[in-house]
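Protein chains: 6
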Amino acid sequence: MEIDTMQRLIEGFKRFRDGEYPERIPLFQELATKQEPGTLFVTCSDSRVVPEFITQSEPGDMFVIRNAGNIIPSFGPHHGGVSATVEYAVAVLGVADIVVCGHSDCGAMTAIADGADLSTLPAVSSWLHHADAAKAINDAHVHSCKSGKVAGMVRENVIAQLANLRTHPSVALALSEGRVRLHGWVYDIGEGSIEAYDASSGRFVDLIDYPETDATALNLVS
Amino acid sequence: MEIDTMQRLIEGFKRFRDGEYPERIPLFQELATKQEPGTLFVTCSDSRVVPEFITQSEPGDMFVIRNAGNIIPSFGPHHGGVSATVEYAVAVLGVADIVVCGHSDCGAMTAIADGADLSTLPAVSSWLHHADAAKAINDAHVHSCKSGKVAGMVRENVIAQLANLRTHPSVALALSEGRVRLHGWVYDIGEGSIEAYDASSGRFVDLIDYPETDATALNLVS
Amino acid sequence: MEIDTMQRLIEGFKRFRDGEYPERIPLFQELATKQEPGTLFVTCSDSRVVPEFITQSEPGDMFVIRNAGNIIPSFGPHHGGVSATVEYAVAVLGVADIVVCGHSDCGAMTAIADGADLSTLPAVSSWLHHADAAKAINDAHVHSCKSGKVAGMVRENVIAQLANLRTHPSVALALSEGRVRLHGWVYDIGEGSIEAYDASSGRFVDLIDYPETDATALNLVS
Amino acid sequence: MEIDTMQRLIEGFKRFRDGEYPERIPLFQELATKQEPGTLFVTCSDSRVVPEFITQSEPGDMFVIRNAGNIIPSFGPHHGGVSATVEYAVAVLGVADIVVCGHSDCGAMTAIADGADLSTLPAVSSWLHHADAAKAINDAHVHSCKSGKVAGMVRENVIAQLANLRTHPSVALALSEGRVRLHGWVYDIGEGSIEAYDASSGRFVDLIDYPETDATALNLVS
Amino acid sequence: MEIDTMQRLIEGFKRFRDGEYPERIPLFQELATKQEPGTLFVTCSDSRVVPEFITQSEPGDMFVIRNAGNIIPSFGPHHGGVSATVEYAVAVLGVADIVVCGHSDCGAMTAIADGADLSTLPAVSSWLHHADAAKAINDAHVHSCKSGKVAGMVRENVIAQLANLRTHPSVALALSEGRVRLHGWVYDIGEGSIEAYDASSGRFVDLIDYPETDATALNLVS
Amino acid sequence: MEIDTMQRLIEGFKRFRDGEYPERIPLFQELATKQEPGTLFVTCSDSRVVPEFITQSEPGDMFVIRNAGNIIPSFGPHHGGVSATVEYAVAVLGVADIVVCGHSDCGAMTAIADGADLSTLPAVSSWLHHADAAKAINDAHVHSCKSGKVAGMVRENVIAQLANLRTHPSVALALSEGRVRLHGWVYDIGEGSIEAYDASSGRFVDLIDYPETDATALNLVS
Ligand SMILES: [Zn+2]
Ligand SMILES: [Zn+2]
Ligand SMILES: [Zn+2]
Ligand SMILES: [Zn+2]
Ligand SMILES: [Zn+2]
Ligand SMILES: [Zn+2]
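Protein chains in written order, with UniProt numbering: chain D, 1 to 222; chain H, 1 to 222; chain B, 1 to 222; chain S, 1 to 222; chain V, 1 to 222; chain Z, 1 to 222.
Hints were generated in silico from the structure; no laboratory data involved. Mixed in with the good hints there might be a few duds.
Derived DEER-like restraints, expressed as beta-carbon distance ranges [to be verified]:
1. Q7/V <-> E23/Z: 21 to 27 Å
2. A116/B <-> D117/H: 18 to 24 Å
3. D4/V <-> G19/Z: 24 to 30 Å
4. D117/D <-> D206/B: 50 to 56 Å
5. E20/Z <-> Q7/V: 58 to 64 Å
6. D117/B <-> E20/V: 14 to 20 Å
With a straight-line cut-off of 27 Å between C-alpha atoms, the simulated DSS-like cross-links for lysine-lysine are [to be verified]:
7. K149/V <-> K146/Z
8. K34/Z <-> K146/V
9. K14/B <-> K34/B
10. K34/B <-> K146/S
11. K34/H <-> K34/D
12. K14/H <-> K34/H
13. K149/B <-> K34/S
14. K34/Z <-> K34/V
15. K146/H <-> K34/D
16. K146/V <-> K146/Z
17. K149/D <-> K149/H
18. K149/S <-> K34/B
19. K34/S <-> K146/B
20. K146/D <-> K34/H
No residue lacks a Cβ here, since even glycine has one placed at the ideal position from N, Cα and C.
Required output: the full structure, derived from the provided sequences and hints.
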């Protein structure tokens, strides 16, 4: 059965190699020696969230960070992989937009919202503390049901990670110079929809209805 | 121009929503409340490396970690995002395969191979120390040209990250019980090809020619 | 000569004990077992900046953090003294206002603005990285003179520390519930004046002229 | 009500600006461009402990560190704000005396002595571990009452922070050259009194009765 | 009685000085200005495990690391004493062999195997997390008795520390160049015997019967 | 040649097994299930410094920590192996004496005294910062020759590590209760002699002449 997983992956790669690749040889040859992505897309490692698929992006379009919970630790003296990758995307590649994209049914956010016992998962437990600000706010709200609490956690987490993002020197500089815009999205897997955080109203709105919505001007008191 | 980046992304999402999504409603409804990925795929944030595209995977197939340099810090008391995400993938989701996938023309590996001055990129500089073992080995080799040195660095980095991966308790346990297999890949952007690390010979071979190749049984002295 | 320093301190304490203390016995007896400060005041350790003196506050009025550069590290897994003290002030004492107060001629900010060699001061050098976002922005501005660059650094640092402050869970929660307001001040030692950061315009204004000015609603793009 | 807190602060600043400042214009103009404090004063953030007031010091006299519990982490590879500020005070400003001043009814020391549940205050909980040595010693003593245990904790903490202080290179060097003296004080808020740690006897004595008392020559076995 | 401990030590030193030393003056004079040890020996601090005694080594033969549990943290950005000492032994002294030697009745391994409450030993508790991979594997095995579980833990710990060792750049480089060999030993105090880890079979065998056994070629799936 | 190193070790073990072990069977059988060492001995990993040999100790007598430079990091929130091992020795085993033993021609202390370029040895470089206090003091002294500077560094390092040791809660508690005594030694490899730090005079004296010398009562100003 395990064989199947890898067989399927390798069969997929053969289809890519025999189908998609030949159709894009000029693109791939151009990309062979340079990338100029316009966007940094930060999302969860969740297998159901495929950023290039849901945005129908081509190779070369988006620089992507993926980890459990689409978390961006705030800037500090102990630089981890997210800090390094944000720094590279903004200071070296000069991306114009940063999207922080959470999603429905997120395992990480569910664990936080449920107050799950994470004692056997010490690394997960430690990592999710980067969402403590979101948790504090979400826990203080009244939720009518458990799934509402998870949904709230997903949204508060996106907002909290945007606040963390602003502490990174490369981002703070680019924001001060108007070179980058921030976006906070929540992708619904079952519905195929995206809500975007509207910083001016402090609310999430449908991305298709409000394509200009962004989170650049953080307004925490609506 | 910046507007175009996001406009394109949002246009892409509309195509997804109006095209891809309706075709897969049963899949997405099933995925709405659970994921059962068979593979953990760790690759670079590079915009040219789209793991689901090159393996033609569907949503739900692969749990994905992406950061600059496809780095997996070894396990230690200070858990970062990669450690947490590996722990979640192996201990909670029970993935059967872990692929560490480097790629040609990697900016992170080029910076290391070239000994680039990273003083203005402190987070990148710090993060790339997790590839110090690979750098030490690659620097000790004779390289006929600069691109050969980068290519060597990409390969040594994949091997070094596999060694780091083995220090994670969830991985060590799964390996000891034969529940997980490790794979070390290098994807060539321009060629559309993949080489896989063959642990028994200590060499990289063409994945299509040798689809059974894996890196589970680490043999550092061939 | 050193004796004089302590002699003066102890003489001062005698004057307090024989003069100020007897005048305030009811206050001190009330304070003996409880404090209810309304404000958390974060300022530099600089000997010329005496927060209670410049605000003519009484004992019991202000909870005070003082360190080199009035720095507030962003929230992360390695909690230091500032994080702990902010947490105590907001979550336990329930302060209603937080003032981050920089000052003219700040040694810490001058060292950053001048790019001083701090190799013999490793702890100072490390600590000042918490002002990297401010430094990046200030360095990108054109300054007509050296003192203008220091003054700019002092101001950008106040703004950056306010961004760091927002990543602390206790602060983020209190902000979301409207329980706390933020203030960014710069005190001029020679002039005896205070400028306050006006978040709506992104400018510093005279505190006496605009006593309602605050930094709660962060607006980074004016 | 919250308005009142800030109004009072700003009213206080106006009184300073219209009263205290004009009386000291020559002092403030001299201070505008330099400071030469003789003392580094480390005390708690507690609103009831105003170091310049209880020593009747003038602006420019004392370099001040304030945090919850007047804690000085020992020197190590992860430099925090206290280490940086001590380094600046001793190595750059060349202070001749360092006073570590605890106080009665300290919230931080009470939490330790009482074994308070700090699970909702993770940063406080972590920070107070820097007083573990003091806690171990105080817990081993027999205390007749709860307030006696807190008082003991306050005193042991001052002694422990003096031991931590000695591990800082700048302090160790200055001590070895006789350039700095250490002082351990406990300020009683209700009584308006100060006790000083006498290193030769290992006891706290009344500062006014024994103004020469100091903690420079640490004698841990009396 | 405490006096006796030191008296015995000093009496021992006198015997060394009057007996062993004069017999080896040429050796000690040669060693006075240089060392060329062939082996790095990593073992527990346990008083019953004397590496030079059980191997009948002379001064100058073995570079020795000793800590509770013969632990070698994996390589990471926060370098501790073991990392530094390994680096010095391999990169500067050029040792040809590294022995990681556990032992019977190890207090550290017993604490892990028993799931002892280490809440009053925070540093021990934290340190032993470097054996989490070994613990995970050993806990998953069925043990017929408590001492069997401890014995299993001792063995798994040796294997896990060898995996950690491979992440160190100096070791990875030396392994890749065939300049160093790894050895995993378990010393039985009561029996006076040593078992060695045979990487090819994944088993521990008697060292005297199989003196060529080594752990260089790590084969985790036998 | 590498074979010889291990062959010699294994030959040595055979001599132990056939000679020393049978002579001590009763001791080893008693030791098989418990240890009661009276002393914690902290010394350098240097192959020429064999603590049990120079003190002619038997198995079971001394709990031993060995690392490059006989360094004891001060107590802090990030517990390493030395902190854990000290904690175990003092709090669990209840050792009565702690010896910190430096030695002549120490490679670590020579690197510090010479200001050696350690850029290719990052872990060593980082570790040796725990001797910064000693370095600061030694650098401030006038040394007639290079070897005098190294000898001074060795001595100042022993004193500095004793100061670090006092910050550990287990040690501070044991000192306060008179349950442990501290000793600072310097072993001369070529001479076979030991000097001990006399805390009352602040000087090192010959251990054989002054066997009662100890470092318990730290007196930094003689
Ligand atoms: Zn998720
Ligand atoms: Zn890359
Ligand atoms: Zn300042
Ligand atoms: Zn207090
Ligand atoms: Zn042991
Ligand atoms: Zn040494």
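Structure-based check of each hint:
1. The hinted window of 21 to 27 Å between Q7/V and E23/Z holds, with their beta carbons roughly 24 Å apart.
2. Between A116/B and D117/H the CB atoms are about 21 Å apart, so this pair conforms to the stated range of 18 to 24 Å.
3. At about 29 Å, the CB distance of D4/V to G19/Z agrees with the hint of 24 to 30 Å.
4. Hint check: D117/D to D206/B, Cβ distance near 54 Å, so the stated range 50 to 56 Å holds.
5. Take E20/Z and Q7/V: their Cβ atoms lie about 24 Å apart, and the range 58 to 64 Å is violated.
6. The beta-carbon spacing between D117/B and E20/V, approximately 51 Å, falls outside the hinted interval of 14 to 20 Å.
7. For the given pair, K149/V sits about 54 Å from K146/Z by alpha-carbon distance, which is inconsistent with the 27 Å threshold.
8. At roughly 16 Å between alpha-carbon atoms, K34/Z and K146/V fall within 27 Å of each other, so this suggested pair holds.
9. With a C-alpha separation of about 25 Å, the suggested pair K14/B and K34/B falls inside the 27 Å cut-off, and the hint holds.
10. As the CA atoms of K34/B and K146/S are separated by approximately 16 Å, the hinted pair is consistent with the 27 Å bound.
11. A hinted pair counts as satisfied when its Cα atoms are at most 27 Å apart, and K34/H with K34/D does not qualify at roughly 37 Å.
12. Pair hint K14/H plus K34/H holds up; C-alpha atoms about 24 Å apart against a cutoff of 27 Å.
13. In summary, the hint linking K149/B to K34/S is supported, as the alpha carbons are separated by about 18 Å, within the 27 Å threshold.
14. Using a Cα cut-off of 27 Å, the hinted pair K34/Z and K34/V is violated, with the two alpha carbons roughly 37 Å apart.
15. A distance of roughly 16 Å separates the Cα atoms of K146/H and K34/D; the hinted pair therefore holds under the 27 Å criterion.
16. The straight-line distance between the Cα atoms of K146/V and K146/Z is roughly 56 Å, outside the 27 Å bound, and the hint therefore fails.
17. Only pairs whose Cα atoms come within 27 Å are accepted, and K149/D paired with K149/H is rejected, the gap being roughly 51 Å.
18. Simply put, K149/S and K34/B have alpha-carbon atoms about 18 Å apart, close enough for the 27 Å limit, and the pair holds.
19. Of the pairs offered as hints, the one joining K34/S and K146/B holds, with about 16 Å between alpha carbons and a cut-off of 27 Å not exceeded.
20. Restraint check for K146/D and K34/H: the C-alpha separation of about 16 Å stays at or below 27 Å, so the hint holds.
Checked against the numbered hints above, the structure breaks hints 5, 6, 7, 11, 14, 16 and 17 and satisfies the rest.
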